[in-house]
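Start from the sequences, fold in the hints, and give me the full structure.
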Amino acid sequence: MLSPAILIAAIVNGLLTGAVYALVALGLTLIYGVLHIINFAHGALLTIAMFAAFFAYRELGLDPYLAIFMLAPAFFAFGYGLQRFIIGPASHGDDRNILLVTLGLAVIIENALLFAFRADTRTIDVPYAFESINLGFTFVAVPRLAGFVAVFVVASALWLIMAFTDMGRAIRAVAKEKLGAQLAGIDVAHIYAVTFGLGTACVAIAACLLIPSYYVNPSAGNAFILVAFTIVVLGGMGSVLGALIGGLIIGVVESLSSLFLGESLGQVGIFLIFIAVLLVRPSGLFGARA
Amino acid sequence: MKDLAPIAGVVAVLAAVPLIVHSNVVLNFMVVALMIALAGQGWNILGGYGGQYSFGHAAFFGTGAYVTAVLQARYGINAWFAFAIGIAGGALVGAVIGALTFRSGLRGSYFALVTLAFAEVLRIVASVTPITGAGVGTLIKLDLRPLAFQFQSRAAFYWIILLLVAAALVTTRAIERSRFGTWLIAVRENEDAATALGVDAAAVKLGAMVISAAITAAAGCFYAQYFLFVDAPIAYGTWISIEALLTPIIGGVGTVFGPLIGALAVRGLGETARALTGDAPGLDLIVYGTVLVLVIWFMPRGLADAGKWLRRARAIPAPQEEASHG
Amino acid sequence: MAETPLVAVHNVSRRFGGLLAVKAVSLAAPAGRITALIGPNGAGKTTLFAIISGFLKPSDGKVRYDGEDVTNEPPHRLARRGIARTFQIVQPFAGLSVRDNILVGAYLRHRSRAEALDVTNRIARDVGLADMLDRPADTLTVAGRKRLELARALATEPKLLLLDEVLAGLNPSEIRDIVPVIRGLCDRGITIFMIEHVMQAVMRLSEHVFVLAEGSIIAEGTPAEVAADRAVVEAYLGHGAAAKWGVGHVH
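Protein sequences, first through last, are from chains V, E and B. According to our numbering, the first sequence is numbered sequentially starting from 169. According to our numbering, the second sequence is numbered sequentially starting from 1036. According to our numbering, the third sequence is numbered sequentially starting from 5.
Source of the hints: derived by calculation from the structure; they are not laboratory data. Please read these numbers as outputs of a predicted model, since none were measured by experiment. We put the CB at the ideal spot given by N, CA and C, even for glycine. One should not assume that every hint holds.
[Said to hold, decoys possible] Okay, the calculated bits of chain E under chain V, using three or more residues with CB under 8 angstroms as the criterion:
#1 1147–1153
#2 1243–1251
[Said to hold, decoys possible] Cβ-Cβ distance ranges computed for the label pairs, FRET-style:
#3 V:V448 <-> B:G46: 27 to 35 angstroms
#4 B:R208 <-> E:V1131: 33 to 41 angstroms
#5 B:D138 <-> E:G1303: 31 to 39 angstroms
#6 V:L351 <-> B:S63: 55 to 63 angstroms
#7 B:P176 <-> V:A352: 33 to 41 angstroms
#8 E:V1131 <-> V:I176: 34 to 42 angstroms
#9 V:R290 <-> B:S63: 45 to 53 angstroms
#10 E:D1227 <-> V:H204: 43 to 51 angstroms
#11 V:I301 <-> E:D1227: 53 to 61 angstroms
#12 B:D64 <-> V:I301: 56 to 64 angstroms
#13 E:A1130 <-> B:D138: 34 to 42 angstroms
[Stated by the list, open to error] Selected chain E positions facing chain V (Cβ under 8 angstroms, derived; list incomplete):
#14 Y1088
#15 W1115
#16 F1137
#17 G1143
#18 S1144
#19 V1156
#20 I1159
#21 L1198
#22 I1277
#23 I1284
#24 L1311
#25 G1313
#26 A1315
#27 L1320
#28 G1324
#29 T1325
Here it is in structure tokens:
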């Protein structure tokens, strides 16, 4: 019999992890909602960001939470460039080609990292990595709690951008009706690139939040990416709220199934949910019915 | 049977290779390239002709490989039977995945995602269940007899894989000219219009999936016999899902010879890269990824398009595409 | 003397979210005749066709074809029963030749490639595409694509042909050329149900007309009767137009 304390700890940990998953999923769903493409390179981008955060810490002594302020803009620019100068032109607007181009990029990035850094796993040791806070009903690790808070800050910032800035309005216009937005004078290629940049920046922030508690290696992103896909599909493609709620749900599900089924089969549970959602209700909980 | 002439010609030329070349390195390269071509020929039926891009063909390759290996290693079944059962196993997995996904109406990116997920599920399960040897994998015992589908000479393996590739070429050509193939292409081009003309799109796609899975599974079975060792990352890893889609796309998606051309080109590039820079991990996949992006960017219909570039450069009118030959 | 309807819809409604696009519509197309469905844009005509051909399920009501209830059958099965449709926005199989396009339809009733090719050649001759069989379908003009759309549907040897604005986008001489083709199909026993905006064609071809506006039938009758109907004029030209122009009698 599992004690309530273990169960509560598992649930709380699930929520905390789920929040960071949600941030990764947020980037993915934003890109899907506006560009209507599934970014297969998302996991690879997370991996690069984690490597970047790792090296920022090791070479520059930059604390991951501070690194956010350096990496988020850098990765925004990287994502912007990728979409504007590679993905956009290479795919000629064809959905199937976009799939293949992002897949190709994912393969290139992951294997370039493998080539440069080998498959060794690396971790960083921040001084506060093992400190915990007593919440009364359970203990939580400081980095993970900070991560949880940060995700909501980022999500709110995104929401504010979308709702109140000109850029945000333009993005929403393009997402809703591309042709109309074009006719209204909006530079769609630019908006696409900005959105992709925002999605990549989300991933960069998530990487900084993850790095105090996780390892880094060239396939690290893969572990998160199918989870992110599951969340996006569960929450509904293009739905920010869906990504957040879906992330929390999946985080808890993963935590509980790891508790009951063990680590690797826990992963299978997530994939099975993924497949089930795609087969039964592809529009997810909050997405528009296709 | 005039249209089989090109196929016969190409196969005859390839069959002569072991008679001319005796280097084991080259023969090994050719065997692996042909095996990848076979995997790609499977993908091409579903992706090229059917327009359904699967990112998880490893599911079929791996099933073929594991079934063949496990039946021999654990149950002592004859290698040739195990090979046949492996193909059937792959086809069965294809039928299940196809039935689930096509009846749900999944298309495009969602379809790609689901196939990826299925392949990953199989990989994880295979890496933990005892029957596949879990993390350790399955080893087929060395038994150099033709009856055990193991040969001393590499040339024998070469001719067998060539035979399989030839069979796949003939099958592809037959499909192109059949009612099933025409319907499959129609579904690819415009599913609604095809449906309005009486085509049962789900059934046609399912049929394509099963054929596709069987062919790629055959490549997996061959892998097991040639390398005598199978484990989860080899059988169900993303590497084979990527190579299976890469070769037709580069060689010419939806054409008979596309996967073969693509396999030789891609593998050739990979080997050259490796020769130039040493055996660093990941290098060949970097090359593959780059080639994929470049091909989609500049020659979306693969090397078949390259022919068009040359013709345009010499101002010669282009002949009709293969698919529209009446 | 009532004629046997080949296809009939009874009380069919279709809702999209909050919008009721088709409201309890009942109509029937008699066998062997040309029936027209007209009405202003957005009236629900194409929705009705989509329901009859199985692409949409009605929220309410039934579809009967050849004496049987076919309400929930999928489109490919209805095609096998003999219902063929063309699409308002033509959808050729872009990568294929004209011949291969028609072949797709011909294969429905003929397994063998040789037989299907025979049918294809014959149909191509009938609609005037015989000398374009080798061309890629996407190189055809609008008029050519309309003929191809027709040819493909005919290749399935239908009993009921649903034509959705097959004359849209054609110039007067192209219309003049294609009208006899349509009449010829009816002479061969194919029942035709057409959505049209080109009034001259409706007048010349159809024997019975239904007028749909905002999801409901507002008039029916011979072409002449319908043209003189006040409600019809107002549906197209706005409220009060009939009085303003002194047209028609109240229905």
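Results of checking the hints against the structure:
Check on the segment 1147–1153 of chain E: 6 of its residues sit with their Cβ under 8 angstroms from a Cβ of chain V, so the three-residue criterion for coverage holds. A stretch counts as covered by a chain when three or more of its residues have a beta carbon under 8 angstroms from one of that chain; for the segment 1243–1251 of chain E and chain V the count is 0, and the coverage is violated. One distance hint, 27 to 35 angstroms for the beta-carbon pair V:V448 and B:G46, holds here, with the actual separation near 34 angstroms. Range check, B:R208 to E:V1131: about 56 angstroms between beta-carbon atoms, so the 33 to 41 angstroms window is missed.
In this structure the supplied range 31 to 39 angstroms holds for B:D138 paired with E:G1303, their Cβ-Cβ distance being about 36 angstroms. Judged by the Cβ atoms, the range 55 to 63 angstroms given for V:L351 and B:S63 is violated: they are separated by roughly 34 angstroms. B:P176 and V:A352 have their C-beta atoms about 37 angstroms apart, which keeps the hinted 33 to 41 angstroms range intact. Remark: the range hint 34 to 42 angstroms for E:V1131 to V:I176 is upheld by a beta-carbon distance near 39 angstroms.
Our hint of 45 to 53 angstroms for V:R290 and B:S63 is violated, since their Cβ atoms are close to 59 angstroms apart. Take E:D1227 and V:H204: their Cβ atoms lie about 19 angstroms apart, and the range 43 to 51 angstroms is violated. Between V:I301 and E:D1227 the beta carbon distance is about 57 angstroms. The supplied range of 53 to 61 angstroms therefore holds. About 59 angstroms separates the C-beta atoms of B:D64 and V:I301, a value consistent with the hinted range of 56 to 64 angstroms.
For the hinted restraint 34 to 42 angstroms between E:A1130 and B:D138, the CB-CB distance of approximately 37 angstroms keeps it satisfied. Among the interface hints, the one on E:Y1088 holds; its C-beta lies about 6 angstroms from the nearest C-beta in chain V, closer than the 8 angstroms criterion. Here the hint on E:W1115 is broken, as its CB sits about 33 angstroms from the closest CB of chain V, past 8 angstroms. About 10 angstroms separates the beta-carbon of E:F1137 from the nearest beta-carbon of chain V, more than 8 angstroms, and the hint is not met.
Hint on E:G1143 holds. Least Cβ distance to chain V is approximately 6 angstroms, under the 8 angstroms limit. Taking 8 angstroms as the C-beta cut-off, the interface hint given for E:S1144 holds, the closest approach to chain V being about 4 angstroms. Taking 8 angstroms as the C-beta cut-off, the interface hint given for E:V1156 holds, the closest approach to chain V being about 5 angstroms. Because the closest C-beta pair between E:I1159 and chain V is about 5 angstroms apart, less than 8 angstroms, the hint holds.
With a cut of 8 angstroms, the hint placing E:L1198 at the interface with chain V is violated, because the nearest CB-to-CB distance is about 31 angstroms. Because the beta carbon of E:I1277 sits about 6 angstroms from the nearest beta carbon in chain V, less than 8 angstroms, this interface hint is met. The closest approach between the C-beta of E:I1284 and any C-beta of chain V is roughly 7 angstroms, which is under the 8 angstroms cut-off, so the hint is satisfied. The closest approach between the C-beta of E:L1311 and any C-beta of chain V is roughly 13 angstroms, which is over the 8 angstroms cut-off, so the hint fails.
The criterion of a C-beta within 8 angstroms of any C-beta in chain V is not met by E:G1313, whose closest approach is roughly 11 angstroms, and the hint is violated. With a cut of 8 angstroms, the hint placing E:A1315 at the interface with chain V holds, because the nearest CB-to-CB distance is about 5 angstroms. Here the hint on E:L1320 is kept, as its CB sits about 4 angstroms from the closest CB of chain V, short of 8 angstroms. The interface hint given for E:G1324 is met, as the beta carbon of that residue sits about 3 angstroms from the closest beta carbon of chain V, less than 8 angstroms.
For E:T1325, the interface hint holds, the least distance from its beta-carbon to any beta-carbon of chain V being 6 angstroms, beneath 8 angstroms.
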